[in-house]
Amino acid sequence: MRREKILLCIILFFPVKVKSQDNSKISLCTGLGNYETFFVGMGWQTSLKNILYLSVGDNFGVSKEHYFNITFEDKLYILSSTNAPFSLHGKLIYWQNEDKYFEWATLGISPAVGYTHTLSDTWHLEINAGIVFNIHLKSERKNYLHAGWPKQVDWNTTLKVIYNFKQRKK
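Residue numbers for the sequence shown follow this note's numbering, so the first one is 1 and each next one is one higher.
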């Protein structure tokens, strides 16, 4: 599993040139979330009202459980453009959780609403909240000392810091 994480991080942060009609903005993000745990990722502004994010998260040994996730997020601004503070989010979260009793692999679908506070031209602080619907892909029981199952519907809150690279003037 460690090799898969390293490969995923290399692929995720390998330099990428993205082209679209509006000369896409690229951003970096990091933050904390219920399901995303501590995460880092990249964003691509695909249009005036839409940004796509891809991130990876891990609990880095904070608890006795091992936790890892990959999140794909589609952020759609409710008002006129990316300058508007309110947004709708659709997230796909693949997460793995392992402890001494179980090993889970789950896909979460999370609609959410968000608020973005602009700190400067390049820095933004965002909070979003919603619910997550979990689809269990794999469940392996390691012993019979404890019985449990991840919640099928749960809440999800994320706090994110975003850095937008400045666009070059043509």
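FYI, nobody ran anything at the bench for these hints, they're computed from the structure. Since we're looking at a predicted model, the values are computed, not measured. A virtual CB, placed ideally from N, CA and C, is assigned to each residue, including glycine. Where hints are given, some of them may not hold.
Capping the alpha-carbon separation at 30 Å, the derived lysine-lysine pairs in BS3-like fashion look like this [unchecked claim]: (1) 49 x 166; (2) 142 x 100; (3) 151 x 100.
Cβ-Cβ distance ranges computed for the label pairs, FRET-style [unchecked claim]: (4) 66 x 119: 48 to 58 Å; (5) 109 x 44: 12 to 22 Å; (6) 142 x 28: 33 to 43 Å; (7) 65 x 161: 37 to 47 Å; (8) 99 x 165: 37 to 47 Å; (9) 92 x 159: 11 to 21 Å; (10) 62 x 123: 20 to 30 Å; (11) 32 x 99: 34 to 44 Å; (12) 105 x 147: 17 to 27 Å; (13) 131 x 99: 38 to 48 Å; (14) 105 x 146: 11 to 21 Å; (15) 88 x 151: 41 to 51 Å.
These are the hints, each one checked on the structure:
Using a Cα cut-off of 30 Å, the hinted pair residue 49 and residue 166 holds, with the two alpha carbons roughly 18 Å apart. With a C-alpha separation of about 7 Å, the suggested pairing of residue 142 with residue 100 holds against the 30 Å cut-off. The hinted pair formed by residue 151 and residue 100 meets the criterion: a straight-line CA distance of about 18 Å does not exceed 30 Å. Roughly 34 Å separates the CB atoms of residue 66 and residue 119, a value that falls outside the hinted 48 to 58 Å.
Between residue 109 and residue 44 the beta carbons are some 21 Å apart, a value that agrees with the proposed interval 12 to 22 Å. Between residue 142 and residue 28 the beta carbons are some 37 Å apart, a value that agrees with the proposed interval 33 to 43 Å. Separated by about 25 Å at the C-beta atoms, residue 65 and residue 161 break the suggested range of 37 to 47 Å. Separation of residue 99 from residue 165 is about 39 Å and conforms to the stated range, judged on CB atoms against 37 to 47 Å.
At about 20 Å, the beta-carbon gap between residue 92 and residue 159 stays in the expected band of 11 to 21 Å. In this structure the supplied range 20 to 30 Å holds for residue 62 paired with residue 123, their Cβ-Cβ distance being about 26 Å. Checked against the hint of 34 to 44 Å, the pair residue 32 and residue 99 fails, with Cβ atoms roughly 20 Å apart. Range check, residue 105 to residue 147: about 19 Å between beta-carbon atoms, so the 17 to 27 Å window is met.
At roughly 24 Å, the beta carbons of residue 131 and residue 99 sit outside the given window of 38 to 48 Å. At about 19 Å, the beta-carbon gap between residue 105 and residue 146 stays in the expected band of 11 to 21 Å. Take residue 88 and residue 151: their Cβ atoms lie about 23 Å apart, and the range 41 to 51 Å is violated.
Hints 4, 7, 11, 13 and 15 from the earlier list are contradicted by this structure; the remaining hints agree with it.
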